[in-house]
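Student: Letter by letter, the chains look like this.
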Amino acid sequence: MPRALWSGSLSFGLVNVPVVMVPAVRDLDLHFRQLHAKDGAPIDVQRWCSKEDVEVGWDEIDRAFELDDGGQVIVTDEELEAIEPRRTRTIEIESFVDLSEVDPIYFDHPYYLLPASGDDGSARAYRLLTDVMARTERAALGQFVMRAKEYLAIVRSHDGALMLSTMLFADEVRDGNDVENAAQKSHKPSAQQLKAAAAVIEELSGKWEPGEWKDRYRRRLRDVVARKRKGQTIKAPKPREAVPEMPDLMAALEQTLADMREGKSDKRREKQEA
Amino acid sequence: MARSIWNGTITFGLIAVPIRVHSATESHTIHFHQVHAKDGARIKQKRICSKERKEVRYEVRGGEFVMLEKDEIDAAAGDRSRTIALEQFVERTEVDPVFYDRVYYLGAGDDGQDAYRLLHDALERSGRAGIGRWVFHNREYLVAVRPLNKFLVLHTMRFADELVSADKLEIPSPSRRPSDRELEMAEQLVSSLQKAFRPSAFKDSYRDRVRDLIARKAKGEEIELPAPEKAEAPGDLAAALEASLGKRRS
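Just so you know, the protein sequences line up as chains A and B, in that order. The first sequence begins at 1 in my numbering and counts up one residue at a time. The second sequence begins at 1 in my numbering and counts up one residue at a time.
These are calculated hints, taken from the structure and not from any lab test. Wrong hints could be hidden among the right ones.
Unchecked claim - The calculated lysine-lysine pairs, modelled on DSSO-like cross-linking and capped at a C-alpha distance of 27 Å, are:
1. B:K70 / A:K228
2. B:K203 / B:K219
3. A:K214 / B:K38
4. A:K207 / B:K168
5. A:K51 / B:K38
6. A:K207 / A:K38
7. A:K195 / A:K185
8. B:K54 / B:K44
9. B:K203 / B:K217
10. B:K38 / B:K54
11. A:K51 / B:K54
12. B:K150 / A:K185
13. A:K214 / B:K70
14. A:K230 / B:K70
15. A:K149 / B:K44
16. B:K219 / A:K149
17. B:K219 / B:K38
18. A:K51 / B:K219
19. A:K51 / B:K44
20. A:K149 / B:K195
What the hints assert, rightly or not - Where chain A lies over chain B, by a calculated footprint (3+ residues, C-beta under 8 Å):
21. 124-131
22. 153-159
Where a beta carbon is used, it is the ideal one built from N, C-alpha and C, also for glycine.
Model the full structure from these sequences, guided by the hints.
Tutor: Listed below in structure tokens is the structure:
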């Protein structure tokens, strides 16, 4: 069982479910250690005072906020805790929404919520909430505080468990007003272009099978490490063939469709081969 | 125009869509510095060779079990031809949001407006998203390209093996399943709390309180420290549901 990152309760009307939060994502990245090039010894990172030039232990470190005038304010853990909302150990469900209404852009980091105690009441309340959200395809919204930050969270049913995703606040999503999105009428595609593009998309369509898409970077990096260990030299791979320039959109669409009809361009296989 | 963080071309079939990648999110988290408690001076980090016990400035290189040079790590990045080939299109509703990691806006690149708009409109109409690979900062990502309102957005994606499967979690089973009556009451409660999703209805009030705390401390005020509360375990589930419904009706 993964380590609990947060514990508290999920409350829903007067129903209160004690829960713990565990990660829903695991880190499979390769991590490197920095070494001193000269002697291969690992590099340690030490914290030093910039004024006295002495090493500083963790217990001698404060948290400071820099003011505009150059001054600074020291803020303690206790003070940050003091301003947490009163019901800080609770994710209070404020509303339920149709899951399909929440654009994925707001989803940030996923976790699971698990019943915190083995007692039957908690297990049943947990199951009830999971079942009801699965049945209604609805998700619960609420706010909570974790590690000195307030989060908006969406809780939903996911394969018989409660999944919590932290969410971005509306003001954390940029409006994109300064992004060139070709909205002017002059860029509108013709009916013929749209039809051809739809046909290309249809031809390249398949079922979303997440397990088929492998992390090639991770695999290649492991491979680099393995080869280096055997004393081989590592060279960068040759770049993929560039797509031929076809400035005329309609010509590119027609040529793509023609290639597909001849079976020349079965792009779907590419991801499995690599 | 917003500064882009990457320029390149999205392709599907022989169709090339010149694009620019822009950030779509911004953090408003309040950041603190580490300072030495004694004199308030900034903490700086020093890299020390663990063998020689002296500071190392430039002669640092990466290594795990074996020594790797930076360009050797970069060799794993993959194709660097500055194209994102959309290899497959999938129904957007099939992709659970848990797969989406970071998100970026796509803007049309030079002379790419028509192609951009064509991909946008065709994806919007078909309800699909394009899946491809993107090499960014010497690392290859799986990405999804989809329309969002008037924009194309790009999500980096999590791989299936990075997600913890729900059946690996030891979720205790209740001695009996929730009764029909409990389910029915819970559904009523869910419906009574049902709202349209309005993202702007939620504010990060904690951020404001941290700002306020800093302002008060800057003026020399003392901060009061209250005692924490404890959560209570649920008692009678049906009674709690009934009481919740009653509370909402009144």
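Student: Each hint needs a verdict: does it hold in this structure or not?
Tutor: Okay, the hints, checked on the actual structure:
| no. | hint | in the structure |
| --- | --- | --- |
| 1 | B:K70 / A:K228 | 13 Å, holds |
| 2 | B:K203 / B:K219 | 26 Å, holds |
| 3 | A:K214 / B:K38 | 51 Å, violated |
| 4 | A:K207 / B:K168 | 25 Å, holds |
| 5 | A:K51 / B:K38 | 11 Å, holds |
| 6 | A:K207 / A:K38 | 52 Å, violated |
| 7 | A:K195 / A:K185 | 18 Å, holds |
| 8 | B:K54 / B:K44 | 15 Å, holds |
| 9 | B:K203 / B:K217 | 23 Å, holds |
| 10 | B:K38 / B:K54 | 25 Å, holds |
| 11 | A:K51 / B:K54 | 19 Å, holds |
| 12 | B:K150 / A:K185 | 13 Å, holds |
| 13 | A:K214 / B:K70 | 24 Å, holds |
| 14 | A:K230 / B:K70 | 18 Å, holds |
| 15 | A:K149 / B:K44 | 25 Å, holds |
| 16 | B:K219 / A:K149 | 23 Å, holds |
| 17 | B:K219 / B:K38 | 21 Å, holds |
| 18 | A:K51 / B:K219 | 26 Å, holds |
| 19 | A:K51 / B:K44 | 10 Å, holds |
| 20 | A:K149 / B:K195 | 25 Å, holds |
| 21 | 124-131 | holds (count 5) |
| 22 | 153-159 | holds (count 5) |
Going down the numbered hints, you'll see the structure goes against 3, 6, while the others check out.
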